Amino acid sequence: MAEDAFEAVVGSHHAEIRRYLLRITARGSDADDLSQETFLRAFRAYRALPPGSNVRAWLFTIATNLGRNHFRAQARRRRAYAAAALEMRPDAPDRTDGQMLADETRERLERVITGLPAKQRLAFIMRKMHELEYAEIGASLSCSEESARAHVFQALRKVRRSLDGHLPVEMESRS
Amino acid sequence: MSPQHPQCRAIEPDLLSVAAGEAEAAAVGRVEAHVASCGSCREELGQYRPLEGMMATVRRTPLPDDDATLARAQLASRLADLRSRMVGFGIFPSPLGPILIGRSEHGVALVQYLPAGGSLPARVQRLLGEDAVEDRAATEGLRAELVEYLEGRRVRLDWPLDLGRMRSDFQRRVLEATAALPYGAVTSYAGIAARIGAPSAVRPVAQALRWNPLPIVIPCHRVIGTSGALTGYAGRRVELKQRLLAVEGVKTVAARHDFKVNREAMYTMVTGESEYCVPTCGSLLSKSLSTLTLFGTREVAEAAGFAPCTSCRPDLHPLPA
Chain D
1 MAEDAFEAVV
11 GSHHAEIRRY
21 LLRITARGSD
31 ADDLSQETFL
41 RAFRAYRALP
51 PGSNVRAWLF
61 TIATNLGRNH
71 FRAQARRRRA
81 YAAAALEMRP
91 DAPDRTDGQM
101 LADETRERLE
111 RVITGLPAKQ
121 RLAFIMRKMH
131 ELEYAEIGAS
141 LSCSEESARA
151 HVFQALRKVR
161 RSLDGHLPVE
171 MESRS
Chain Z
1 MSPQHPQCRA
11 IEPDLLSVAA
21 GEAEAAAVGR
31 VEAHVASCGS
41 CREELGQYRP
51 LEGMMATVRR
61 TPLPDDDATL
71 ARAQLASRLA
81 DLRSRMVGFG
91 IFPSPLGPIL
101 IGRSEHGVAL
111 VQYLPAGGSL
121 PARVQRLLGE
131 DAVEDRAATE
141 GLRAELVEYL
151 EGRRVRLDWP
161 LDLGRMRSDF
171 QRRVLEATAA
181 LPYGAVTSYA
191 GIAARIGAPS
201 AVRPVAQALR
211 WNPLPIVIPC
221 HRVIGTSGAL
231 TGYAGRRVEL
241 KQRLLAVEGV
251 KTVAARHDFK
261 VNREAMYTMV
271 TGESEYCVPT
281 CGSLLSKSLS
291 TLTLFGTREV
301 AEAAGFAPCT
311 SCRPDLHPLP
321 A
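Heads up: the sequence lines are chains D and Z, in that order.
Going by the numbering used here, the first residue of the first sequence is number 1, and it counts up by one from there.
Going by the numbering used here, the first residue of the second sequence is number 1, and it counts up by one from there.
Everything labelled a hint here was simulated from the structure, so no lab data went into it.
Mixed in with the good hints, there may be bad ones.
Said to hold, decoys possible - The list that follows gives simulated cross-link-like pairs (lysine to any residue, SDA-like), each with its CA atoms no further than 20 angstroms apart: (1) D:158 - D:108; (2) D:158 - Z:14; (3) D:158 - Z:73; (4) D:158 - D:117; (5) D:158 - Z:56.
As the list claims (entries may be wrong) - From the derived model, a few chain D residues whose C-beta atoms are all more than 10 angstroms from chain Z: (6) 36; (7) 53; (8) 54; (9) 58; (10) 65; (11) 118; (12) 143; (13) 144; (14) 145.
Said to hold, decoys possible - Between beta-carbon pairs, the in silico distance windows are: (15) Z:74 - D:117: 27 to 35 angstroms; (16) Z:29 - D:48: 20 to 28 angstroms; (17) Z:138 - D:40: 17 to 25 angstroms; (18) D:45 - Z:29: 43 to 51 angstroms; (19) Z:32 - D:48: 44 to 52 angstroms; (20) D:131 - Z:141: 23 to 31 angstroms; (21) D:47 - Z:22: 31 to 39 angstroms; (22) D:131 - Z:26: 19 to 27 angstroms; (23) Z:6 - D:45: 48 to 56 angstroms; (24) Z:129 - D:4: 17 to 25 angstroms.
Fair warning: this is a prediction, and the values are worked out from it, not measured in the lab.
The beta-carbon is built from N, C-alpha and C at its ideal position, and this holds for glycine as well.
With the hints as constraints, model all of the structure from the sequences given.
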């Protein structure tokens, strides 16, 4: 039955889709709601999905659209969310100075990503955190593969500029 | 050179693709040649290098709140709820025109006449709800039985029903009383009102039947006006009611914009009794249709479990066929 097949889809992809939504909303409760909504929509449309479709990319598209709607509705509160999310982060008890510095840099990186324009941010997270192909990112954002690549590169350039002078030495030497 | 230099601006896309680790060999060559002579671009490229490592770290670092257990459990329950509400439907041609049959997990939820061409009127779309999906395979067996019924080759549709689309408890009671009418029997709106213990609610009964989500299956065509006129069916399609009754052996005569059941040609029974009569039986006298049930043939009356009256003896003196 189609229902059993859909159970398998939930099993394979729910955790990753929720993680993606958590990254883009920075809030567990939003990730809960939007991930459920993503799969409820997917369930309604699943029968009509052509066989052999890339289900993972399709789910990212639904999640991205829901995420963007969510941002529009919550535009004014978004920065507050990001700030709250960073405060929520539990302090690791035994951090060395080096780790502390690395953590600070990572937090700074996340803050920079949060401040990117929506399309660049989503494209960047899909590419760098979930390793989607540009064609899949383009489909999610209703743009061409080239535009998707351009969004990621724009984001990358902004991230570099924002971190200028904040790159920890030991991370630089490691690469 | 500086970042504003035309050569630096021209190399930037290649430089970004090298920085992202996605550059083709030719682009790598171009970037290498450029940074060999351009200090600021070399520095810029150097700044990209640690980024990939940082992003890999971010990717690997567990997120706070990255626990999908609760969301997964809530999703399971919402999916179960959605499945139970979800209607799969098929649209089929029939002797009465295009018909939609919809079924849910619980049973047959909808039977609707469609306009010629089979488009879905807004009312039907509302009844289907936003979660309906076309699923002809799931309704094919129902279609076959319905066609047999409409062609008079079947007298029962023993389908599990989903009465979840009832508008009210009152409507549910009206439709349950209507569902109990035997094949080939006719009663009046007032008769149904009396059966549900609300004898003055004749108009509400007619309204409840007007919004019957399961016509044919819940045989609202067997309910007529006290005058014997069919009065209405499926909007303005009273001819469908006449045809359904004809299939069951109920004879009607054409009246102005309507049809009328020919009471003289119907076996008649006082509702609640166990014997049926010819319409001229003395026990009936001038009883109103609101207290009577009519049968087109003796066979349907007896199939419903009723016996011939012992005084007018319809078994010995049947009505002319």
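We went through each hint and held it up to the structure:
no.: 1; hint: D:158 - D:108; verdict: 13 angstroms, holds
no.: 2; hint: D:158 - Z:14; verdict: 16 angstroms, holds
no.: 3; hint: D:158 - Z:73; verdict: 39 angstroms, violated
no.: 4; hint: D:158 - D:117; verdict: 10 angstroms, holds
no.: 5; hint: D:158 - Z:56; verdict: 18 angstroms, holds
no.: 6; hint: 36; verdict: 5 angstroms, violated
no.: 7; hint: 53; verdict: 17 angstroms, holds
no.: 8; hint: 54; verdict: 20 angstroms, holds
no.: 9; hint: 58; verdict: 17 angstroms, holds
no.: 10; hint: 65; verdict: 17 angstroms, holds
no.: 11; hint: 118; verdict: 19 angstroms, holds
no.: 12; hint: 143; verdict: 17 angstroms, holds
no.: 13; hint: 144; verdict: 15 angstroms, holds
no.: 14; hint: 145; verdict: 12 angstroms, holds
no.: 15; hint: Z:74 - D:117: 27 to 35 angstroms; verdict: 32 angstroms, holds
no.: 16; hint: Z:29 - D:48: 20 to 28 angstroms; verdict: 47 angstroms, violated
no.: 17; hint: Z:138 - D:40: 17 to 25 angstroms; verdict: 21 angstroms, holds
no.: 18; hint: D:45 - Z:29: 43 to 51 angstroms; verdict: 46 angstroms, holds
no.: 19; hint: Z:32 - D:48: 44 to 52 angstroms; verdict: 50 angstroms, holds
no.: 20; hint: D:131 - Z:141: 23 to 31 angstroms; verdict: 47 angstroms, violated
no.: 21; hint: D:47 - Z:22: 31 to 39 angstroms; verdict: 37 angstroms, holds
no.: 22; hint: D:131 - Z:26: 19 to 27 angstroms; verdict: 24 angstroms, holds
no.: 23; hint: Z:6 - D:45: 48 to 56 angstroms; verdict: 49 angstroms, holds
no.: 24; hint: Z:129 - D:4: 17 to 25 angstroms; verdict: 23 angstroms, holds
Hints 3, 6, 16 and 20 from the earlier list are contradicted by this structure; the remaining hints agree with it.
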